[in-house]
Amino acid sequence: MNRGEILAQIGELQNQYLKELNEDNEFKEALELYVEPRGTWRVPIINEKEMNEKDGVVKKVVTDFLTSKDKLTSNDKGCLENEANTFLCSQKTELLINKVNGFFKSENQLTLEDVNVLKVAANQFLALKDKKALKLLEIAINEYLESSKDERVLKNAICNFLESPYVLERKLSKENKLVLGQQVTAEDAKVLEKASKDKKDFVKTAKELLTLKAKEVLETAINSLLTLKRKRVLLLLGSGGTGKSTFNHYLARQLWDQYNQQEITQPIPLFIALAPLKALINQNKDFIEAYLQQAGNLSKDEINKLRERKFVFILDGYDEIAERERQCYNSNLFSEWKNAKIIISCRPEYLNEGYEKCSGLKKMEKGSPLPWSADTYLQQIKNIPQIKDLVSNPILLKITLSVLPGLLRIGSQKSRIMLYDEFIKKWSERAQNRLQKIQLKPNEQKEFDRLKNSDFYKEYLQFSKEFAFKMFTDNNEVIVSYDPINEKIGSGWAKFLGDTDEKCRLMHFSMPLFRRGNQYWFFHKSLRDFLISCALVDSFKDTSQTTLLNKQSITPEPAIQEFLAERVQQMPEHIQYLSNFIEYSKINDDVQIASANAITILSRAKIPLSTNLNNIRVSDADLSNGIFNNCQLARAKLNNVNFQNAKFQNANLQDNTFALKCRGAIYRTMRKYEESLADLNKALEIEPYDTFALRFRGDTYRMLRRYYESHADLNKSLENDPENAVTIKYRGILFFDMDHYEGSIKDLNVSLEIEPNDALALRFRGNNYRMMARYEESLADFNKSLEIEPDNADSLKYRGYTYYKMDRYEESLADLNQSLVIEPNDAFASRIRGEIYRMMDRYEESLADLNQSLEIEPNHTWTLNIRGRIYCIMGRYTESLVDLNKSLEIKPNCEDALCFRGVTYRMMGKYEESLADLDRSLKINPDNKWALNQRQTTNHLLNK
12 MNRGEILAQI
22 GELQNQYLKE
32 LNEDNEFKEA
42 LELYVEPRGT
52 WRVPIINEKE
62 MNEKDGVVKK
72 VVTDFLTSKD
82 KLTSNDKGCL
92 ENEANTFLCS
102 QKTELLINKV
112 NGFFKSENQL
122 TLEDVNVLKV
132 AANQFLALKD
142 KKALKLLEIA
152 INEYLESSKD
162 ERVLKNAICN
172 FLESPYVLER
182 KLSKENKLVL
192 GQQVTAEDAK
202 VLEKASKDKK
212 DFVKTAKELL
222 TLKAKEVLET
232 AINSLLTLKR
242 KRVLLLLGSG
252 GTGKSTFNHY
262 LARQLWDQYN
272 QQEITQPIPL
282 FIALAPLKAL
292 INQNKDFIEA
302 YLQQAGNLSK
312 DEINKLRERK
322 FVFILDGYDE
332 IAERERQCYN
342 SNLFSEWKNA
352 KIIISCRPEY
362 LNEGYEKCSG
372 LKKMEKGSPL
382 PWSADTYLQQ
392 IKNIPQIKDL
402 VSNPILLKIT
412 LSVLPGLLRI
422 GSQKSRIMLY
432 DEFIKKWSER
442 AQNRLQKIQL
452 KPNEQKEFDR
462 LKNSDFYKEY
472 LQFSKEFAFK
482 MFTDNNEVIV
492 SYDPINEKIG
502 SGWAKFLGDT
512 DEKCRLMHFS
522 MPLFRRGNQY
532 WFFHKSLRDF
542 LISCALVDSF
552 KDTSQTTLLN
562 KQSITPEPAI
572 QEFLAERVQQ
582 MPEHIQYLSN
592 FIEYSKINDD
602 VQIASANAIT
612 ILSRAKIPLS
622 TNLNNIRVSD
632 ADLSNGIFNN
642 CQLARAKLNN
652 VNFQNAKFQN
662 ANLQDNTFAL
672 KCRGAIYRTM
682 RKYEESLADL
692 NKALEIEPYD
702 TFALRFRGDT
712 YRMLRRYYES
722 HADLNKSLEN
732 DPENAVTIKY
742 RGILFFDMDH
752 YEGSIKDLNV
762 SLEIEPNDAL
772 ALRFRGNNYR
782 MMARYEESLA
792 DFNKSLEIEP
802 DNADSLKYRG
812 YTYYKMDRYE
822 ESLADLNQSL
832 VIEPNDAFAS
842 RIRGEIYRMM
852 DRYEESLADL
862 NQSLEIEPNH
872 TWTLNIRGRI
882 YCIMGRYTES
892 LVDLNKSLEI
902 KPNCEDALCF
912 RGVTYRMMGK
922 YEESLADLDR
932 SLKINPDNKW
942 ALNQRQTTNH
952 LLNK
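Residue numbers (the working numbering): 12 to 955.
Treat the hints with caution; some may be incorrect.
What the hints assert, rightly or not - Heads up, simulated SDA-like pairs for lysine to any residue below, C-alpha to C-alpha not over 20 Å straight-line:
no.	residue 1	residue 2
1	Lys242	Lys321
2	Lys648	Gln563
3	Lys902	Leu952
4	Lys683	Ala657
5	Lys897	Gln863
6	Lys448	Asn464
7	Lys80	Lys110
8	Lys757	Asn803
Claimed, not checked - What follows is a set of in silico ranges between Cβ atoms, one per label pair, in the way DEER data are often shown:
no.	residue 1	residue 2	range
9	Gln581	Asn486	29 to 39 Å
10	Gln456	Gly528	40 to 50 Å
11	Ala505	Lys536	43 to 53 Å
It should be emphasised that the hints constitute simulated quantities derived from the structure, not laboratory data. Where a beta carbon is used, it is the ideal one built from N, C-alpha and C, also for glycine.
Full structure from sequences and hints, please.
This is how it looks when you write it as structure tokens:
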């Protein structure tokens, strides 16, 4: 069989592959909804030891891998020569290195070690191009001519020249000098010897030799790095469903379309699905040879001829073979194919740590028509909570695109629950089909057959729910760590992740899980939460103490609450089951967790509750935004219940201090201070030393500027709870309001030692420092506060004010602008920004801000003074007088207003009135230099 016939046989293999691919329903379905996969990989940072994680299109990484070169092209050499000439003039090594870095693909960028190699080559280049080099080379030749004219003597003389400190200026080590010297060949020595007979000819020849060697130095160093960094194997790692096989199919088709059989330089693409090749893989034999013998009917001699050709072997599904724990590259003798590049796809858990996955997606490409436009899909996906992140997985996206239109026709209220139901069902079908195709061990096959004959989906769903609920009851874990060797006795995870039970292996292998080493987690947390909610719904009818609903509070998990609330809205028959738990709690304290979960679900679902809630036990429930108007809550156990934004109009809270405290705190948040005090007073009548009620009543008094009563309550609260960070903070804020800055800082320091990331405490301490003109410390606190709460308008406003006090106007404006975007009606922020614009002579902008500030606070004297002053500067004297007169009506002895009005009168030619105001201003503050200067100017004009 000649070369053409062999290649034709390979073509037959490829044609058979394409035929099978076109008959593959799963791939045809994937073709309709194909997405461009994205992934992450690690690339070197030039001139650094560290690696950088990069995100992008997987296709680009693969293309770079396939097209990476092992030596400079002629075009590269031309570019290098130009850059070397530039380098010779500038001698800026970093510019040369940046240019050289462009010869390498992104994943092969120059490391710190590579840069050091290039720096040596650059120094050698400069040495050879040095003007002194020619003279020293001439000396070396003369040495040779005066000797016995042995070639070795000539070569040694040239090496000695290269080692000369005058040429290399001590830039190279002895070892590097010797390497450079060894580049002089015997042929070079002969050429120089011949040229030495004529001075002019020698100079020309020596120059050419030095130029050639200088060029070779750079090219040799770069080619060595290109060869060293050129990779032969690319691993495409991604968890189940991330599109590895689909991408490999597309890649194979694309490469085959590009392949030109007549073009000897083009690589031959060969797609090999590993799952059916159990007898060939990992046998410590040449896998590719065995495959070509079996599938292509080629002899060993024919295959050996093919080894000379370039190949791209695409090995799909390394995780789908039974013996997958072996070292893939060595145990299949891939090194026998020296001209091949190999792409292997696998789940990351079956390869050693340190590899990076290439998975995920970014955009849809054109395929078969779908029921909706892309914009419609995007809009609908955005409208469904948590779905947007979930569909970053290609398989789940495919399911969503297929089923979403039909589900929404049923009703948008139901779509999310039904969509997740469909996810689990479709994933189960996919898992079953996959298990049917891949290579299973005999015991695994037997168990899989049993599961198929019973009800695979039912068993799969039950296993998934139990797995998710186990995560929930294990400290609400999102990531599970399971080490079969060091696993704690009784942890219970061996049931789900152990390797001894075939059903367990098949099930956790089929679940929508990521795995990295010994860690497992769901593709998206919402899948976990959905399955937990399914497990809880199953337990609604079980009113015993052991029911799952009584195992763990759902309060920390709003997503689980939302799933359960949607289930109840869909299936009203569950309402009675949940109401039963609340009723049972009145007589049985042991079902308190279930009762709290039940009332949380009903409240979230907006289901009207019985008005008779006396004596219920629902501690730790989440009743935020709940409606409890007219409810009877006497003697109810409501410890640590979240009542944020709940409504209690006409509710009976008799003898229920917790409910009274919570409602009082809610009223305080709503700035209904009198109602807040009424509830907190009642609570303190029942429990006079309740630290919570004392703390919030104390802060409510502060907001009403009843500082004495506030101080008394906060101190009393601290007597019983001396290390409560919130109470200490509130007292620190009280001291700030009372202008007692040292005391305020002292309390806020203590509070921040306990809670170092309390943004409010940091903000008020920053304000204290600002008031004390300790601006750097003030900025440090505001900066940290904004790291915690980046969009807090108050922190931005006060940091902007601090910058203003430091005369850093541009930074001040940046903060105030951002603050006013968040809180556009903040009079303080508008006032300060207006003043900054005045300082910058931007009077129209200043007036706009001051006008807005005065609309909110029309009697603020400082703002009236500044606006009056601007009107005066702009020659609008009548408007200036209106503002300053109003300011002085409110505050008759304001020195600034008197001084500014005095200036306005002077500008109007009213010198007597001007002097009168300036004299009054100076009586208040005799050391006001600006007022003294203005009075001097007025006196001068009056006495002209």
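Each hint, compared with the structure:
no.	hint	verdict
1	Lys242 x Lys321	holds, 14 Å
2	Lys648 x Gln563	holds, 18 Å
3	Lys902 x Leu952	violated, 29 Å
4	Lys683 x Ala657	holds, 14 Å
5	Lys897 x Gln863	holds, 17 Å
6	Lys448 x Asn464	holds, 17 Å
7	Lys80 x Lys110	holds, 16 Å
8	Lys757 x Asn803	violated, 24 Å
9	Gln581 x Asn486: 29 to 39 Å	holds, 30 Å
10	Gln456 x Gly528: 40 to 50 Å	violated, 28 Å
11	Ala505 x Lys536: 43 to 53 Å	violated, 24 Å
Consistency note: the structure conflicts with the earlier hints numbered 3, 8, 10 and 11.
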